[in-house]
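Colleague: Chain by chain, the residues run as shown.
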Amino acid sequence: MLVIKGLKAKVEDKVILNGVDLTINAGEVHAIMGPNGSGKSTLAHVLAGREGYEITGGEVLFEGKDLLALSPENRARAGIFLAFQYPVEIPGVNNTYFLKAALNSILKSRGQEELDAMDFLELVKAKLKPLKMDESMLQRAVNEGFSGGEKKKNEILQMAVLEPKLAILDETDSGLDIDALKVVADGVNLLRNKDRAFLLVTHYQRLLDYIVPDKVHVLAGGRIVKTGGKELALELEAKGYEWITGNQKKEAKV
Amino acid sequence: MKPKVQEQPVEKVTQEEYKYGFVTDFEADEAPPGLNEDIIRFISKKKKEPPFLLEWRLKCFRHWTKMVEPTWPNVHYPKINYQDIIYYSAPKQGPKSLNEVDPEILKMFDKLGVPLQEREVLAGVAVDAVVDSVSVGTTFKAKLGELGIIFCSFSEAVQEHPDLVEKYLGTVVPYNDNFFAALNSAVFTDGSFCYIPKGVRCPMELSTYFRINAAKTGQFERTLLIADAGSYVSYLEGCTAPMRDENQLHAAVVELIALDNAEIKYSTVQNWYPGDKDGKGGVYNFVTKRGACRGVNSKISWTQVETGSAITWKYPSCILQGDNSVGEFYSVAVANNMQQADTGTKMIHVGKNTKSTIISKGISAGKGQNTYRGMVRIQPAAENARNYTQCDSLLMGDKCGAHTIPYIEVKNNSSKVGHEASTSKIGEDQIYYCRQRGLSTEDAVSLIVNGFCKEVFRKLPMEFAVEAQKLLNVSLEGSVG
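Chains as they are written, first to last, in our numbering: chain A, 1 to 254; chain B, 1001 to 1481.
Hints should not be assumed to be uniformly reliable.
[Unchecked claim] Simulated crosslink set (DMTMM-like; lysine to aspartate or glutamate; CA at most 20 Å straight-line):
{"hint": "1", "chain 1": "B", "residue 1": "LYS1425", "chain 2": "B", "residue 2": "GLU1409"}
{"hint": "2", "chain 1": "B", "residue 1": "LYS1352", "chain 2": "B", "residue 2": "ASP1260"}
{"hint": "3", "chain 1": "B", "residue 1": "LYS1454", "chain 2": "A", "residue 2": "GLU144"}
{"hint": "4", "chain 1": "A", "residue 1": "LYS108", "chain 2": "B", "residue 2": "ASP1443"}
[Claimed, not checked] Far from chain B, some chain A residues (derived; all Cβ distances over 10 Å):
{"hint": "5", "residue": "GLY49"}
{"hint": "6", "residue": "LEU68"}
{"hint": "7", "residue": "ARG75"}
{"hint": "8", "residue": "GLU89"}
{"hint": "9", "residue": "PRO91"}
{"hint": "10", "residue": "THR96"}
{"hint": "11", "residue": "SER105"}
{"hint": "12", "residue": "ASP119"}
{"hint": "13", "residue": "LEU123"}
{"hint": "14", "residue": "LEU131"}
{"hint": "15", "residue": "LYS132"}
{"hint": "16", "residue": "SER147"}
{"hint": "17", "residue": "GLN158"}
{"hint": "18", "residue": "ILE178"}
{"hint": "19", "residue": "LYS215"}
{"hint": "20", "residue": "GLY229"}
[To be verified] To give an idea of the chain A side of the interface with chain B (calculated C-beta under 10 Å), a few residues:
{"hint": "21", "residue": "ALA48"}
{"hint": "22", "residue": "GLU73"}
{"hint": "23", "residue": "ILE90"}
{"hint": "24", "residue": "TYR97"}
{"hint": "25", "residue": "ARG140"}
{"hint": "26", "residue": "ASN143"}
By construction, these hints were calculated from the structure, which means they are not laboratory data.
Using N, Cα and C, we set each Cβ at its ideal position, and we do this for glycine too.
I would like the entire structure built from these sequences, with the hints used as guidance.
Modeller: What follows is the structure in structure tokens.
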């Protein structure tokens, strides 16, 4: 589904990604871990199409097509969803209205019929229930005055409504208490199926107790330096990132 | 009318001998350019006005000649030569068909979805009858008449109801109030008049839109609206479709009077031609709007959406005389490209327990300059007066400006006055967030801007609110990205 080959990116002359290779197949859940500043969030935003990054090498194919050539909205319409680490507030814009506009714009781009207000409300309420989220969330303005946990839950709700093919979660677990973390994890697990893939960007392995990944990658210095199964996350937890990055340095010296 | 740079003060010019050799030819349809007492007599005679009105016009004119054009607003324009303006002319023949209308305007009609039959009227095309609006207008008028509501052109009111006109004209905006109001008082040619009798609740939104053909009002428009005791009226002014006008200077005066327990809701959508991208040719909208809450428990609420005009300069205000009276001001003002807006309100608390609310949303884009200027004054007798003011500015791009200038004068210690202000830039992160969810940049901007204006839009009558949102989107098209 997603093939990243030798991806290099920089911001204002600072190299952040330095040759990332990664393949994600439909139905898989991948976790990307790594120390602060290793380029995890940059990778997420480069895939989503945020402006301000200069791609200096490599390519990204999404379902065989050149992803980097698409605008952010066309990537979203193609089925890529990014749950933001810091969800943005849009004062005065009703959450339901926002989500309906987003869904309809995606449906429209695919030549599908748009939903009217009644049908949409029915859909979004059905999505809320298994997530155990409160309906009052729908009446509030997008993320305005939301607590950190509510913002992250709202991201998960959006993901559930938009039903992406590839969902990227950028440190969605950070700053969450255990209850909110479970809501996030449930949201992902409910959506897991053979056609959908996930890329979880996280700093801690705690999230992976609830969402069991197929693969774990360690990103350091803008490259994936180690790949393994779910046990790799536990090993990282026990030994710290030094274990990997220290190795890296030694190898580099040789 | 083309303003020229000319340094002569008005007083000097107006006292000069009238160089066009004006002869009082009352058969003429058009006065020669310029302004003097003869011209005013000409206008008054043309309109067959009673003597009191001519006397009032002359008093206004004499005072105006002693006044100096104000320079305190935060707007810039070439000096206007008031002797170049033609102050009276019969309605001009418009374009013969839509083919003669500026394609830019037609494009705007498309974007706003203006019905075909209305386009001709709005573009000033000479048509015999606009089937829809005329028939609707007639039906309305009959219904209003049954209730004793008077809703007609100002000229008609002068003929039919001179007593009401004489009683109320100039009582809210006095003849010596300000330069442009004095000018308007001297030379206004038409406008709207409305009287709601005691205890009558006007069953429909009154709109000048319905009589757009009946009275072509020109550049000095006069509106007088009286809500008698216990009555209610909602009045809509303007329309969202772009109005092209050959006159550059518009100096209107609007006076509202609410007696005991009466309520007036006055909504404006202003979309005059703003000029091209370099600011050439737009309308100067210098308007004096004021309402007097004369009676106890009376209420006046102004809602405005100002997206047009090269320069907007207006402060719809409330004088809260009656005890427990309420004044409200809800405003969205847009300054895009080279547009300048200096707008706000004055809330003058005179009576006891008077309350006022001010919600102002300024949007600046392109090189637009947007100023909120507002005054809240609590007079000594205004026991327990309350005011809440909120001014928010939204900036799009880095070449525009937002300015907030609040004046607060409190002369009674029992009052409570609150002021909140914010300035924010439309965030790239907000737009990116929306785009990541599948919305185009344009849809994202419109969503964010409409969210910003929500508190004001929800004060507009439903249909108007939908149109206003659309208008805002069109006005700001291409401002980001």
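Colleague: State for each hint whether it applies.
Modeller: Verification of the hints:
1. LYS1425(B) - GLU1409(B): violated (30 Å)
2. LYS1352(B) - ASP1260(B): holds (14 Å)
3. LYS1454(B) - GLU144(A): holds (14 Å)
4. LYS108(A) - ASP1443(B): Holds - the C-alpha atoms of ASP1443(B) and LYS108(A) are around 14 Å apart, at most 20 Å.
5. GLY49: Nearest chain B Cβ is 7 Å from GLY49(A), so the label is violated.
6. LEU68: holds (15 Å)
7. ARG75: Nearest chain B Cβ is 8 Å from ARG75(A), so the label is violated.
8. GLU89: violated (8 Å)
9. PRO91: Since the minimum Cβ distance to chain B is about 6 Å, PRO91(A) lies within 10 Å and the statement is violated.
10. THR96: About 13 Å separates THR96(A) from the closest Cβ of chain B, which puts it past 10 Å; holds.
11. SER105: violated (5 Å)
12. ASP119: Holds, because the least Cβ-Cβ distance between ASP119(A) and chain B comes to about 18 Å, which exceeds 10 Å.
13. LEU123: holds (16 Å)
14. LEU131: holds (18 Å)
15. LYS132: holds (23 Å)
16. SER147: holds (18 Å)
17. GLN158: violated (7 Å)
18. ILE178: holds (27 Å)
19. LYS215: It holds; LYS215(A) is separated from chain B by about 24 Å at its closest Cβ, greater than 10 Å.
20. GLY229: holds (30 Å)
21. ALA48: Cβ of ALA48(A) sits 5 Å from chain B, so the hint holds.
22. GLU73: Check passed: Cβ of GLU73(A) comes within 4 Å of chain B, closer than 10 Å.
23. ILE90: holds (6 Å)
24. TYR97: holds (8 Å)
25. ARG140: violated (12 Å)
26. ASN143: Constraint on ASN143(A) satisfied, holds at 9 Å.
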